[in-house]
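S.K.: Residue strings, one per chain:
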Amino acid sequence: MNSRNSITPRALVLTGYGLNCDYETDFSLKLAGAESHMIHINELISKKSAGRAISLASYHILVFGGGFSWADDHGAGVLIASKIRQHLGDQIEHFIEDGKLILGICNGFQGLVNLGLLPAFDSKYRERSVALTYNDSGNFIDTWVNLKFDPESPCVFTKGLLSMELPVRHGEGKFYAADDTIKRLIKNRQVVLQYTDKNGQRADGRWPVNPNGSLEDIAGICDPSGRVFGLMPHPEAFNHFTNHPDWTKKKEALIRQENTVIPEEGDGIKIFRNAVEYIRSTYGPG
Amino acid sequence: MDAEGAGIRKKSREYFGFEVDDIRVIRVLTIDADLQSDQLKKIQTEIFTNPVTEESSYSPLTKGFDWLIWIGFRPGVRDTAGSTATEAIEDLLGKKFRPDQAVYTSKLYEIRGKLTEGQVRQIAGDLLANDIIQQWKTYSKDGWDAEEGIGFLVPKVILDHEPNVSTIPIQSDEELKEISHKRNLALQDRDIPVIREYFLRDDILADRKKVGLDLPTDVELEYISQARSDHCNHNTFRGLFKYHDLSTGHKEVVDNLFKSCIETPTLKIKQEKGWVISVLWDNAGVGRFDDDHYYVITAETHNSPSNIEAYGGAITGIVGIYRDPMGTGIGSKLILGMYGYCVGHRDYNGDLTPHLHPRRLLDGIIEGVKDGGNKSGVPTPFGLLLFDESYLGKCLVFVTAMGIMPARISGKSSHEKKTTPGDLIIMSGGRVGKDGIHGVTAASETYTEHTPAGHVQIGDPYTQKKMHDFLLESRDEGLISFITDNGGGGLSSSIGESARFSNGCQVDMEKVPLKYDGMDQWEIWISESQERMTIAVKPEHLERFMELSDKHAVESTLIGKYNDSGYLQLNYNGKTCAYVRMDLLESDFPQWEFDAEWIPPGLRGLTEPVINEPENHGDLLSAMLARPNICSRNWIARQYDHEVQGGSVIKPLVGKNRDIPADATVVRPVLESKKGIAVSQALNPFYSRIDTYHMASATIDEAVRRVLSAGGDPDHLGGLDNFCWPTIEYNSTKNPDGKYKAAQLVRANWALRDYCIAYGIPLLSGKDSMYIDGDLEGPYGERRRLSGLPTLLFTVCSVIEDITKCITMDAKFPGDLVYISGETKNELGGSEYYQMLGAVGLNVPEVDTEELWPRYVALYKAIQEGIVSSCHAVTRGGLALHLAMVAMAGELGMEIDLSPIPAASGLTVSQTLYSESCGRFVLTIAPEKKEAFEKIFSGMKIGQIGVVTEAPRFFIKNGKDKPVVDKDVNDLKYAWKKPFGDLV
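So the sequences go chain by chain: V and B. Residue numbering for the first sequence follows the numbering used here, starting at 1 and increasing by one per position. Residue numbering for the second sequence follows the numbering used here, starting at 1 and increasing by one per position.
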């Protein structure tokens, strides 16, 4: 849908070294209207892909997706952070300075906090001040959670969103930080989303509605600019109506209301679409 | 909070009843390399310490503990975290480690609490460490030297051995037999004359002379032995069975079960089903998904290794099966994995001492598949777990994998592949060590601190995931001519088999990258080190292939070339160490022979039990729901990522509270498409106690019904047969009922043949694992032989045209009508009900496909037309239990009347409620669909037996008699969830 007045936002989804949600993340970005490419970490470092020159600067959205980079050894997201900081640290800071977007999902979120790209108080993008550590249950969990968004948050990815259901799939998703850090995050409206129960009430640490014991039920945070965003739940895994655990019942309910139009898209795409719209409105000549 | 420590505390209580105050885990990195102090500081702060949650030090951190346990790997055991640490250090410091330098990981557990040394050793040895792969020490508060700590323990492999090739004399059959036995060559006695004759042939001797060889070398005999093993060659299934029915006197010679019951029917069905693309030769079967894609499916077992080292065996199993789709055609992308575990009861406290207690065994297996599957980035959306004491001897670990590939690559169909003379032989992935070599003997060798613990492996999904991504990119660029995995038999089988296409090859063995020096040539050739693929690449593609390998940080090595010499030639530093004609393995090796004696169940003394009508069916139902093989095992499904890749359609757990197992799982492997794949599995070994023929037919029927109830297409049912059988070779003292077990195998295969033909199921792939027996120690120092129940895991997959037509098994809305499709008969033999009451019975469920099939077709039509709101296959436990499951899933009530149930005449209430007759479904439909539904099923055996109610009351009556069951659905669910409810 390329009108003369808008550009096509370009998204880069990192791959390699055990990352694994690249396929559906790329698909979701495309559904949302982006031109998306899956690029191996080493291609980004060597600035070459399939014989052609590539550069981070030519993209608008950088996605650190889910998976098990470096097998999660030595802490989830630790080794990818070390690799990226070493080889791409400056480029990424320029990317942020240029007003572009970075999204970290699950393992990607773990990477962002270890890089210091989050929470980046005072725009210090290299300081580790929060952690995603082992779930209180001591084990990996795959379950759908209810989330509420902070409508006052500067996060550009969640504009206009109030609540959503998404799956979490992680062993190290407990958001942890010192008291004053948490307070500051809340005050800055950097806490973008929190776990709730089915009725939208705060989980207050209760398992399994808070699936990992995250302090303050925190499921995702952004930087002060709202353009760097990390979350544990997987929006790319809700790319289609049939991804939702209750879809067979929802479909049956629609049919009984004689509503024969079954929706196609999953709610998770809204997060990607917000990113795409933001780039369009910021970079579009209109 | 230390979640890992808390987990160990909880297990110490559960396993041993120990109360521990606190456990804290300290991760230890032992760096065997020369780093400067500033470098050490840099890696400590920049990589290995999270400033928010961790502290670290180069001197011991422990303080204020009562006990310490240190656990580290034995030499040669795969230490992935050690390798990734090395990788990260090299990257950060810009410094390459020398081959003899490395990082090793280990753990220290600080324990606070009043425990005796014996108790601490029990926690270390029976909960945390496995002696086979790990070494451990315990320290008391007083015995700990805070300066020295654990010392500098480096589990480096030092073999101190000069590789050499030895020759084997072949003067006589007896001599070769003896040497084979001594060296553990495992040559089969009947093969020995054929092998000797080959090496004594004049033309062979003359040919060998030209390459400097005379007597056979150890490399050659190991190669032949591998290729002729039951594992690689399926000698049992290809054997000659002399079947004798002891009741009728009927005798029959069954030549080759594989050919007669698997291959022939499948090839015939392939002719009829245009969607069958490739079967019976490659690493996995191939079916058509759509015009542009093929799907790939295969299954395996990994029983023996898991029985010894549960975690390592299971992770190696799942990661291993994932290489099969990667090595099918010119390579497929993995889309799905499944699991099936058969183990002893979790709370077993009988007389026998299995190698690992079933509780620990199961915990380890579950964790192994978790790490292997999750870290592979492949969803694990379906699985089965079955407890029976007979699996104490050897546990069963089934693993199943599916992949998808473009139908065409560079203009050629992707399922085709071959090697041609001039193609280069590349080995990609991990390095070669002493892993998996002569596993059994290695276990009994004495350990020294530098002996590799190679016979038990730990799969490495990280290395394999990198290779997976690399190979797919190479495939898409058209760089791969042939690909296969290195599993059983290692290079010996991957190169040996791939060279058959070109008719020859030459390998330079010194080029094979090794984990450590000092391995003999024969060891390199047959090592089963994991995460390796063998690929044929044309010389003009080599440069690009290697470039991509580098990009993905995968090690690939050129080790030889395919040719058409008619010989497999292995050289080491220019000297030939093996030279074997390609056609040797096709020569006439003697067929294995088995006596098979069938004793029908009646003759074995089986009868129906005498049980009067129970007075309290409600409590009986609650009790049945809490049985270990019926109750909720949700904690397993929840720790497996079942949604990665974004195509989840029907998840493992469904219903209002997402807590009841789905009949089948459905995925959408191509996100741009509305098509999907439905797949499910079934296991019914308890029926084997009566007749394995009916065990197999009921199992096939159950798997079919599970897939159909999700919306599967009866015209597209692909099957996998996965046999696990006790030893069938008769031995008057060691296996006195071997002939009976052989007859059980023949009968199961007959059912496989009959029902695959009847349902039109091609066997896309399959696997036979024999020898599921164990000799377990009893309380008096005796050892007792325990044979696992003859077990068939049957898998069925189907392609779904439109996933939005799929349905789940949960009751959806109050007022919906409840139907049953299919006839209930007096078939409680081997049932859960009889088992609960201590009986086996005689009337095992039988499957009449001609009678069932029209209903299956009608069901498909009804689901496609959107008439069915929920559908659930009635399986183990019978009707009452499965009606309850449908109600529990919807968290709604049901009012059921048994009188309209299509049933054989004269059934009692308990027979109606608990019979396990095949072919049945429970369905719910909206009342306004009644007419349309009954029209589709007109003239068939269905009955409207009740309604779904808002109030969560599970109510069953039988006509006008007083109520049979009246229970709160929430109470039933509570009973069902309680047994393993504490596990996470």
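The hints are simulated quantities; they were obtained by calculation from the structure and are not laboratory data. For every residue, glycine included, the Cβ atom is placed at its ideal position computed from N, Cα and C. Fair warning: there could be bad hints in the mix.
Unchecked claim - To spell it out: a stretch of chain V is covered by chain B in this simulated footprint if at least three of its residues, at any positions, have a beta carbon under 8 Å from a beta carbon of chain B; those stretches are: (1) 52–66; (2) 93–104; (3) 119–131; (4) 169–182.
S.K.: Which earlier hints can't be squared with this structure?
M.R.: Hints 1 and 2 contradicted; others consistent.
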